[in-house]
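2 protein chains.
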Amino acid sequence: MRLLVTGGTGFVGRWAAAALVAAGHEVFVTSRSSVTIPGCQVIVGNLFEKETIDTALDIAKPEVLLHLAWNVEHGKFWHAAENLDWAAATIRLVASAQKMGVRRMVCAGTCMEYDLSSNLVCSEATTAINPNTLYAVSKDATRRIADEFASVSGFEFAWGRLFFLFGPNEHPNRLVSSIITSLLAGRPALMSSGQQVRDFTDVRDAGEAFAALALSNVRGEVNIASGQALQLRELAHEIHAAMGGIGELRFGALPDRPNEPARIVADIIRLRDEVGFRPIKSIRERLSETVEWWRNRLASESVMPS
Amino acid sequence: MRLLVTGGTGFVGRWAAAALVAAGHEVFVTSRSSVTIPGCQVIVGNLFEKETIDTALDIAKPEVLLHLAWNVEHGKFWHAAENLDWAAATIRLVASAQKMGVRRMVCAGTCMEYDLSSNLVCSEATTAINPNTLYAVSKDATRRIADEFASVSGFEFAWGRLFFLFGPNEHPNRLVSSIITSLLAGRPALMSSGQQVRDFTDVRDAGEAFAALALSNVRGEVNIASGQALQLRELAHEIHAAMGGIGELRFGALPDRPNEPARIVADIIRLRDEVGFRPIKSIRERLSETVEWWRNRLASESVMPS
Numbered sequence: 001m002r003l004l005v006t007g008g009t010g011f012v013g014r015w016a017a018a019a020l021v022a023a024g025h026e027v028f029v030t031s032r033s034s035v036t037i038p039g040c041q042v043i044v045g046n047l048f049e050k051e052t053i054d055t056a057l058d059i060a061k062p063e064v065l066l067h068l069a070w071n072v073e074h075g076k077f078w079h080a081a082e083n084l085d086w087a088a089a090t091i092r093l094v095a096s097a098q099k100m101g102v103r104r105m106v107c108a109g110t111c112m113e114y115d116l117s118s119n120l121v122c123s124e125a126t127t128a129i130n131p132n133t134l135y136a137v138s139k140d141a142t143r144r145i146a147d148e149f150a151s152v153s154g155f156e157f158a159w160g161r162l163f164f165l166f167g168p169n170e171h172p173n174r175l176v177s178s179i180i181t182s183l184l185a186g187r188p189a190l191m192s193s194g195q196q197v198r199d200f201t202d203v204r205d206a207g208e209a210f211a212a213l214a215l216s217n218v219r220g221e222v223n224i225a226s227g228q229a230l231q232l233r234e235l236a237h238e239i240h241a242a243m244g245g246i247g248e249l250r251f252g253a254l255p256d257r258p259n260e261p262a263r264i265v266a267d268i269i270r271l272r273d274e275v276g277f278r279p280i281k282s283i284r285e286r287l288s289e290t291v292e293w294w295r296n297r298l299a300s301e302s303v304m305p306s
Numbered sequence: 001m002r003l004l005v006t007g008g009t010g011f012v013g014r015w016a017a018a019a020l021v022a023a024g025h026e027v028f029v030t031s032r033s034s035v036t037i038p039g040c041q042v043i044v045g046n047l048f049e050k051e052t053i054d055t056a057l058d059i060a061k062p063e064v065l066l067h068l069a070w071n072v073e074h075g076k077f078w079h080a081a082e083n084l085d086w087a088a089a090t091i092r093l094v095a096s097a098q099k100m101g102v103r104r105m106v107c108a109g110t111c112m113e114y115d116l117s118s119n120l121v122c123s124e125a126t127t128a129i130n131p132n133t134l135y136a137v138s139k140d141a142t143r144r145i146a147d148e149f150a151s152v153s154g155f156e157f158a159w160g161r162l163f164f165l166f167g168p169n170e171h172p173n174r175l176v177s178s179i180i181t182s183l184l185a186g187r188p189a190l191m192s193s194g195q196q197v198r199d200f201t202d203v204r205d206a207g208e209a210f211a212a213l214a215l216s217n218v219r220g221e222v223n224i225a226s227g228q229a230l231q232l233r234e235l236a237h238e239i240h241a242a243m244g245g246i247g248e249l250r251f252g253a254l255p256d257r258p259n260e261p262a263r264i265v266a267d268i269i270r271l272r273d274e275v276g277f278r279p280i281k282s283i284r285e286r287l288s289e290t291v292e293w294w295r296n297r298l299a300s301e302s303v304m305p306s
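Note that the protein sequences, when read in sequence, are chains H and V. The letter at position 34 of the first sequence is residue 34 when you use our numbering, and the numbering goes up by one with no holes. The letter at position 91 of the second sequence is residue 91 when you use our numbering, and the numbering goes up by one with no holes.
In case anyone wonders, no lab produced these hints; they're calculated from the structure. One should not assume that every hint holds.
The list treats identical chains as interchangeable, and a pair is accepted whether it falls inside one copy or across any two copies.
Below, a list of computed lysine-lysine pairs in the DSBU-like style, where the Cα atoms sit at most 30 Å apart [unchecked claim]:
1) Lys50 with Lys99
2) Lys99 with Lys76
3) Lys281 with Lys50
4) Lys61 with Lys76
5) Lys61 with Lys99
This is chain H alone, in the form it adopts within the complex:
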């Protein structure tokens, strides 16, 4: 099958593209810069430009569009104006893809679309929607338009909601990366209370789950997550253990964020039973692999402490 993957060079997208290639599909990937991706045809361009959208659709002639691109700067993306550019680009991409006769479209959403104040498990069917960042509002609004458009135009539409991720190429300031790199550098890993409960997934599994969703005929919202409720404190201890217990975890060194939800955990019944996706490895194994990835990365950058 021919698939067009946007964001196919990104944190999640590279694993989705790789999984689709591995499954024998013809995969086209859009990228802002000229890169080589094994098994994929790369289409260079900027999705904010209509010409790129049209060219990509024209070259790929995809049966399925997997739209994962939505890049905003780490630390700024919650309230960045660029969210509007991505919402607009996504809406235009969906409109153009429909015009081209694309049969199925799958886009990436976020757990932050949910009303997280109840601290209940987030279910696609029953949890209220109440995004309260520009990022999540933009995602939610984009989904509303694409979903309604799908229902009046007849294409298949699915929306995978990502929860918390870790894994190769994660931004070094994000939680799992920062714990690993601090400990590897011989610094204590400074953390908040660590009481918060989150649903963490390895990005390779998230990418594969998106590939599975793209290849399925499941419609509507699907949580892309592990379904495992992990306290950040436990997560840190897992990482610490995976590193052989070197270094120190310092809980409470950083303040908890005000109004931070106590619990963000996904119901993964749709992903598991309807999409049929199950990760091959445990979170523990994936954390070990991620530690190993960082060791290699830092070694190759020659910035490892002696």
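Dock chain V against chain H, hints included.
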């Protein structure tokens, strides 16, 4: 004050632009084609193109943006793909205007964003949102993004929700126009049961209300309507009377639409008390003027029945 009005050549926008000019402001209007609008500087271009957006903002350097453009074909606009183009264009316009430092933005929404199933008066503060057409979903989603963006970026944002309109230049197939043109042509005016209750406003008043909203500092959603609950049957009788009782109204000749809300009426307290807008003329007077407008129009087109 410098204002940029999009859709300033349109059904509503021309009256908004005229009201702003009459109030002594410096008004810039975007238009797809080269036209002359008294007192306004026209910027020709297509808002679907980023260049037009940037050029218009650069020329106008507006303190206030009044975005009324959202053109889709009559009879098709409820579910037209073009709604996505307009949503994307609006989001990009808002993003660019914020970047340019525009202090205040006012956009046009629709009463169809409300949950109309209760048949209660639509209040900005208390009526639930539940759009169920692609048009209304696209408007609602666009508003969600712009509103959140305003709250994180600090510009003023208002959203005027239009209810039912009539007046000069209305599409001839729409309700009031079709009654008038049928009767003028000596044909019976074919209607549904006419039991439905709607809130009708003359488009000149709606345009002036938007101008008032643009010039105010009122934020958030504001119903742009008359607040008058008028049964379609009564409306038809008013038109009939304004025409001196010529011709015949044939109620029940057309079917009512399935699932049509029985009642769509606006709470206009915000428009009246916060924006301070009150129409000068009654609906009855405006209907008479509209009949006169159609008489002149048809006479000038030499298609009047002898």
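Which hints from the list above does the structure break, by number from lowest to highest? 3
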